[in-house]
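Student: Construct the complete structure from the given sequences, taking the supplied hints into account.
Top to bottom, those sequences are chains U, V, P and F. Take the first sequence: its position 79, counting from 1, is numbered 78 in numbering that gives the first Met the number 0, and each next residue is one higher. Take the second sequence: its position 34, counting from 1, is numbered 33 in numbering that gives the first Met the number 0, and each next residue is one higher. Take the third sequence: its position 217, counting from 1, is numbered 216 in numbering that gives the first Met the number 0, and each next residue is one higher. Take the fourth sequence: its position 89, counting from 1, is numbered 88 in numbering that gives the first Met the number 0, and each next residue is one higher.
It is possible that part of the hints are untrue.
Unchecked claim - In silico lysine-lysine, DSBU-like type, Cα no more than 35 Å apart, as pairs:
id: 1; chain 1: U; residue 1: K180; chain 2: V; residue 2: K180
id: 2; chain 1: U; residue 1: K19; chain 2: F; residue 2: K215
id: 3; chain 1: P; residue 1: K180; chain 2: V; residue 2: K220
id: 4; chain 1: V; residue 1: K230; chain 2: V; residue 2: K215
id: 5; chain 1: U; residue 1: K215; chain 2: U; residue 2: K70
id: 6; chain 1: P; residue 1: K154; chain 2: P; residue 2: K230
id: 7; chain 1: P; residue 1: K70; chain 2: P; residue 2: K19
id: 8; chain 1: P; residue 1: K70; chain 2: V; residue 2: K19
id: 9; chain 1: V; residue 1: K220; chain 2: P; residue 2: K220
id: 10; chain 1: F; residue 1: K180; chain 2: P; residue 2: K51
id: 11; chain 1: U; residue 1: K65; chain 2: F; residue 2: K220
id: 12; chain 1: V; residue 1: K65; chain 2: V; residue 2: K19
id: 13; chain 1: V; residue 1: K215; chain 2: P; residue 2: K65
id: 14; chain 1: U; residue 1: K65; chain 2: F; residue 2: K215
id: 15; chain 1: P; residue 1: K180; chain 2: F; residue 2: K19
id: 16; chain 1: V; residue 1: K230; chain 2: P; residue 2: K220
id: 17; chain 1: P; residue 1: K154; chain 2: P; residue 2: K51
id: 18; chain 1: U; residue 1: K180; chain 2: V; residue 2: K19
id: 19; chain 1: F; residue 1: K220; chain 2: U; residue 2: K51
id: 20; chain 1: F; residue 1: K70; chain 2: P; residue 2: K215
id: 21; chain 1: F; residue 1: K65; chain 2: U; residue 2: K19
id: 22; chain 1: U; residue 1: K51; chain 2: F; residue 2: K215
id: 23; chain 1: V; residue 1: K215; chain 2: P; residue 2: K51
id: 24; chain 1: F; residue 1: K19; chain 2: P; residue 2: K220
id: 25; chain 1: U; residue 1: K51; chain 2: V; residue 2: K19
id: 26; chain 1: U; residue 1: K215; chain 2: V; residue 2: K230
id: 27; chain 1: V; residue 1: K19; chain 2: P; residue 2: K230
id: 28; chain 1: V; residue 1: K70; chain 2: U; residue 2: K215
id: 29; chain 1: U; residue 1: K19; chain 2: F; residue 2: K220
id: 30; chain 1: U; residue 1: K70; chain 2: U; residue 2: K19
id: 31; chain 1: P; residue 1: K19; chain 2: V; residue 2: K51
id: 32; chain 1: P; residue 1: K220; chain 2: P; residue 2: K230
I should point out that these hints are in silico values taken from the structure, not numbers from a laboratory.
As a plain string of letters, each chain reads:
There are 4 protein chains.
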Amino acid sequence: MSHYRELKQECYEANLLLPKFGLVDLTFGNVSVLDREQAVFGIKPSGVDYAKLTPEDIVVVDLEGKQVEGKLRPSSDTATHRRLFLAFSDIASVVHSHSRNAVSFAQAGRAIPCLGTTHADYFYGEVPVTRPMTTAEIEGSYEWETGNVIVERFKGLDPLEMPGVLVHGHGPFAWGPSGAKAVENAFALEIVAEMALNALQINPQAEPLAQCLIDKHFLRKHGAGAYYGQKG
Amino acid sequence: MSHYRELKQECYEANLLLPKFGLVDLTFGNVSVLDREQAVFGIKPSGVDYAKLTPEDIVVVDLEGKQVEGKLRPSSDTATHRRLFLAFSDIASVVHSHSRNAVSFAQAGRAIPCLGTTHADYFYGEVPVTRPMTTAEIEGSYEWETGNVIVERFKGLDPLEMPGVLVHGHGPFAWGPSGAKAVENAFALEIVAEMALNALQINPQAEPLAQCLIDKHFLRKHGAGAYYGQKG
Amino acid sequence: MSHYRELKQECYEANLLLPKFGLVDLTFGNVSVLDREQAVFGIKPSGVDYAKLTPEDIVVVDLEGKQVEGKLRPSSDTATHRRLFLAFSDIASVVHSHSRNAVSFAQAGRAIPCLGTTHADYFYGEVPVTRPMTTAEIEGSYEWETGNVIVERFKGLDPLEMPGVLVHGHGPFAWGPSGAKAVENAFALEIVAEMALNALQINPQAEPLAQCLIDKHFLRKHGAGAYYGQKG
Amino acid sequence: MSHYRELKQECYEANLLLPKFGLVDLTFGNVSVLDREQAVFGIKPSGVDYAKLTPEDIVVVDLEGKQVEGKLRPSSDTATHRRLFLAFSDIASVVHSHSRNAVSFAQAGRAIPCLGTTHADYFYGEVPVTRPMTTAEIEGSYEWETGNVIVERFKGLDPLEMPGVLVHGHGPFAWGPSGAKAVENAFALEIVAEMALNALQINPQAEPLAQCLIDKHFLRKHGAGAYYGQKG
Chain U
0 MSHYRELKQE CYEANLLLPK FGLVDLTFGN VSVLDREQAV FGIKPSGVDY AKLTPEDIVV
60 VDLEGKQVEG KLRPSSDTAT HRRLFLAFSD IASVVHSHSR NAVSFAQAGR AIPCLGTTHA
120 DYFYGEVPVT RPMTTAEIEG SYEWETGNVI VERFKGLDPL EMPGVLVHGH GPFAWGPSGA
180 KAVENAFALE IVAEMALNAL QINPQAEPLA QCLIDKHFLR KHGAGAYYGQ KG
Chain V
0 MSHYRELKQE CYEANLLLPK FGLVDLTFGN VSVLDREQAV FGIKPSGVDY AKLTPEDIVV
60 VDLEGKQVEG KLRPSSDTAT HRRLFLAFSD IASVVHSHSR NAVSFAQAGR AIPCLGTTHA
120 DYFYGEVPVT RPMTTAEIEG SYEWETGNVI VERFKGLDPL EMPGVLVHGH GPFAWGPSGA
180 KAVENAFALE IVAEMALNAL QINPQAEPLA QCLIDKHFLR KHGAGAYYGQ KG
Chain P
0 MSHYRELKQE CYEANLLLPK FGLVDLTFGN VSVLDREQAV FGIKPSGVDY AKLTPEDIVV
60 VDLEGKQVEG KLRPSSDTAT HRRLFLAFSD IASVVHSHSR NAVSFAQAGR AIPCLGTTHA
120 DYFYGEVPVT RPMTTAEIEG SYEWETGNVI VERFKGLDPL EMPGVLVHGH GPFAWGPSGA
180 KAVENAFALE IVAEMALNAL QINPQAEPLA QCLIDKHFLR KHGAGAYYGQ KG
Chain F
0 MSHYRELKQE CYEANLLLPK FGLVDLTFGN VSVLDREQAV FGIKPSGVDY AKLTPEDIVV
60 VDLEGKQVEG KLRPSSDTAT HRRLFLAFSD IASVVHSHSR NAVSFAQAGR AIPCLGTTHA
120 DYFYGEVPVT RPMTTAEIEG SYEWETGNVI VERFKGLDPL EMPGVLVHGH GPFAWGPSGA
180 KAVENAFALE IVAEMALNAL QINPQAEPLA QCLIDKHFLR KHGAGAYYGQ KG
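Tutor: This is the structure:
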């Protein structure tokens, strides 16, 4: 029997949250879940329909990039996930979606400004966008280099305070301490993208929130002083 | 047995209208319902999934802010609700949502102009937006102060004629004489926000309705001369 | 037994198409169906929830405006419907909705330009918008006068070639030779409003279709030379 | 028994994907599927409701335009499909929809720029728009000429690398090697139209992807070097 049954189950369930939250069309998108002790992660197989996905289909890959379980090919974005797991030591799940409003910001090459408290509840400041990738990066190990431009953009940023990013001309990646939480962050990213897009239509000069209000909302939900939700 | 069974039931049912009307995502949003005689209100517990909410989960808080029934923490926005119940003597329910188009106006820092009769059927003029909160307010009793900036903005306004507001950079609050009616007002606020956003895209110089047309529509549905709907 | 059983049934069914097509929120909107021989029309009662509507609830009103059957009050917009039935001798059903994109154009005070063949399949040219109503009209017999400004706007227009209109600052009315067809026209109006809004965002200088293309599409579906669909 | 049973079944199933993917309203839209050996194609009958469509309703037409099976009239757009099958020798299915965002670009008279990798996964560069049709073309064999302006626009383009087009002032056509794949392309076209529309709202100067990134994504999914999905 598989050593990775629980990991695959969590990864399977997190992948199914993508269509549930309306974050994917067709076979786009994928979620990975990491077992940092065993240094392996489960990830969606490439191009498989969500309606037909089973826990057994989840592919297990180690942090060196070697496939250790599963008959199917892993997601073509596997190297990006792996790069993020190696760079961001406190995350346990990565989500890539093509959710429409977040993609729109990525295609516009614009960060999502922090215009409201919904945003600040999840993202501690503007959601950054990477620089465009170079020809060498695109023609080289493209998916690994996609992870690299994210990591480069996060110099000075804490991935737990900013659990998402837009890859320039491509789309969003989000992450978190579990599969379910990473997908929730991906969903929040889509919502705040929609609201920011609309707010900028209403008022192109809309101002980002004051820092103290960002602090208030982010810290109301995160860290030692959090008081949102029920005690753990 | 609880003294507040009916109150909790009404509050529970009103909270379930939020996802039914598409006004909330995730665990965002909350409805409170007041029993003004007993000087207590029921409110959604903080961070609880709507799909798992039960009438027993509703937290009962008195108008001094003391929790008088319920095992769960009340919504983190409880003090805002309480402030509104104290200031607006004719309302019996408050709704806070993160509905997307209303939030977009709040993030844009713009009132929703009264561009059409759908708006005037529910809101007697433009839906106001509060001023940004000060650092002292944000770092102080934030949720109570959120209520205060709403109350400040309503000097000279009648909360029954204007059953909603946008908190700057945050989102909408709405209210009414019952839980169901307050949620209906929150839903109407979202609809008129969407229509105003689109109308301003089509014609940035779109003019507010003439006052006599606002009068006509608002008074067709409200007050002694109302003739919309069936006799009570 | 009612003389109007079939009329009420058709009217009931047509009203239920409004929520089915997503054209109404809450209790907004209403459909009437005319029996021109008997000179009476059925119409939705005012403010009744679509989910609770029954065929028996349909109110029957004659062309003089007298209620001839039904215990409930007819729609507050009844006089507008009546005005249109009197003026437009070839129509048998009127629909009023608050569908969001059509309302947005009405609130913007702009006609919907005929930018594409989808539009020309249903509306033979731009969908007109009425002039704003005067104070005297608003404070007088408002709903009757609403019909009057529509009729005024249709001088020189054929209501069968242009089965819809936007009332300035209010919303769309549509009509047709049957309840089902009138609702289909209301739905087409909403779709073409959405597409026109988006097309104008992409290209504010988007040009209306050439007249010969409008002719081609409208006449492909209407009149003696029609060849769309199956033979009757 | 019909010689075309399988063809009609595939065509029927592909037509049902249109409402499933939200690509059609009312009776708009149609899919054809070609059997190139027998030189016939199945196509949706004109104006038939998708909910009532059966495999037996599919009309079979030969590449000369002669109806060879079926009691119903074929789609009024049949000649456009036929023109495309004759010109594009590697396609086996054509889809015409009135999907809202793609139509919006067609009505704006604008190609859909390749702003992101979602686009490049399906379309190898900007999705072209035809020139407006002349009066002679519109008043002549309109549907055949619609095919002709598409074919004219595709001089120098490979229909397999660009499996869709916008007909100016009208809407999208898409195609592919099978009914299911053609509808998938039509759906992708709608998605990329929505994302492009939004991206241009956020940043009107948004730049198309670098050619090497278009190459990377398109070729990751298509051709000999493809590595997306599972081995065939």
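Student: Compare the structure with each hint and give your call.
Tutor: A quick look at each hint next to the structure:
Proximity of U:K180 to V:K180 is assessed by CA-CA distance (about 34 Å); at most 35 Å being required, the pair is judged to hold. Pair hint U:K19 plus F:K215 holds up; C-alpha atoms about 30 Å apart against a cutoff of 35 Å. Between the alpha carbons of P:K180 and V:K220 the distance comes to roughly 30 Å, so the proposed pair stays at or under 35 Å and holds. For the suggested pair V:K230 and V:K215, the alpha carbons sit about 19 Å apart, so the restraint of at most 35 Å is met.
A distance of roughly 48 Å separates the Cα atoms of U:K215 and U:K70; the hinted pair therefore is violated under the 35 Å criterion. Between P:K154 and P:K230 the alpha-carbon distance is near 33 Å, which keeps this suggested pair within the 35 Å criterion. The straight-line distance between the Cα atoms of P:K70 and P:K19 is roughly 26 Å, inside the 35 Å bound, and the hint therefore holds. Only pairs whose Cα atoms come within 35 Å are accepted, and P:K70 paired with V:K19 is accepted, the gap being roughly 31 Å.
Simply put, V:K220 and P:K220 have alpha-carbon atoms about 41 Å apart, too far for the 35 Å limit, and the pair is violated. Restraint check for F:K180 and P:K51: not satisfied, since their Cα atoms lie roughly 43 Å apart, outside the 35 Å limit. For the suggested pair U:K65 and F:K220, the alpha carbons sit about 22 Å apart, so the restraint of at most 35 Å is met. At most 35 Å may separate the alpha-carbon atoms for a hinted pair to count; V:K65 and V:K19 meet this at roughly 30 Å.
Our distance criterion of 35 Å between C-alpha atoms is met by V:K215 and P:K65, whose separation comes to about 23 Å. A threshold of 35 Å between alpha carbons decides the hint, and for U:K65 with F:K215 the separation of about 23 Å falls inside it, so the pair holds. For the given pair, P:K180 sits about 24 Å from F:K19 by alpha-carbon distance, which is consistent with the 35 Å threshold. As the CA atoms of V:K230 and P:K220 are separated by approximately 45 Å, the hinted pair breaks the 35 Å bound.
Taking the CA atoms of P:K154 and P:K51, the gap is near 39 Å; set against the 35 Å cutoff, the hint is violated. Restraint check: the Cα-Cα separation between U:K180 and V:K19 comes to about 24 Å, which is no more than 35 Å; the hinted pair holds. Between the alpha carbons of F:K220 and U:K51 the distance comes to roughly 20 Å, so the proposed pair stays at or under 35 Å and holds. Between the alpha carbons of F:K70 and P:K215 the distance comes to roughly 26 Å, so the proposed pair stays at or under 35 Å and holds.
Distance check on the hinted pair: F:K65 and U:K19 sit about 46 Å apart at the alpha-carbon level, beyond 35 Å; violated. At roughly 28 Å between alpha-carbon atoms, U:K51 and F:K215 fall within 35 Å of each other, so this suggested pair holds. For the hint linking V:K215 to P:K51, the alpha-carbon distance of about 28 Å falls within 35 Å, and the restraint holds. Of the supplied pair hints, the one linking F:K19 and P:K220 holds, its CA atoms being roughly 25 Å apart against a limit of 35 Å.
Proximity of U:K51 to V:K19 is assessed by CA-CA distance (about 29 Å); at most 35 Å being required, the pair is judged to hold. In summary, the hint linking U:K215 to V:K230 is not supported, as the alpha carbons are separated by about 48 Å, beyond the 35 Å threshold. For the given pair, V:K19 sits about 43 Å from P:K230 by alpha-carbon distance, which is inconsistent with the 35 Å threshold. Our distance criterion of 35 Å between C-alpha atoms is met by V:K70 and U:K215, whose separation comes to about 26 Å.
A threshold of 35 Å between alpha carbons decides the hint, and for U:K19 with F:K220 the separation of about 26 Å falls inside it, so the pair holds. Distance restraint check for U:K70 and U:K19: the Cα-Cα separation of roughly 26 Å lies within the 35 Å cut-off, and the hinted pair is therefore satisfied. Pair hint P:K19 plus V:K51 holds up; C-alpha atoms about 29 Å apart against a cutoff of 35 Å. Restraint check for P:K220 and P:K230: satisfied, since their Cα atoms lie roughly 12 Å apart, inside the 35 Å limit.
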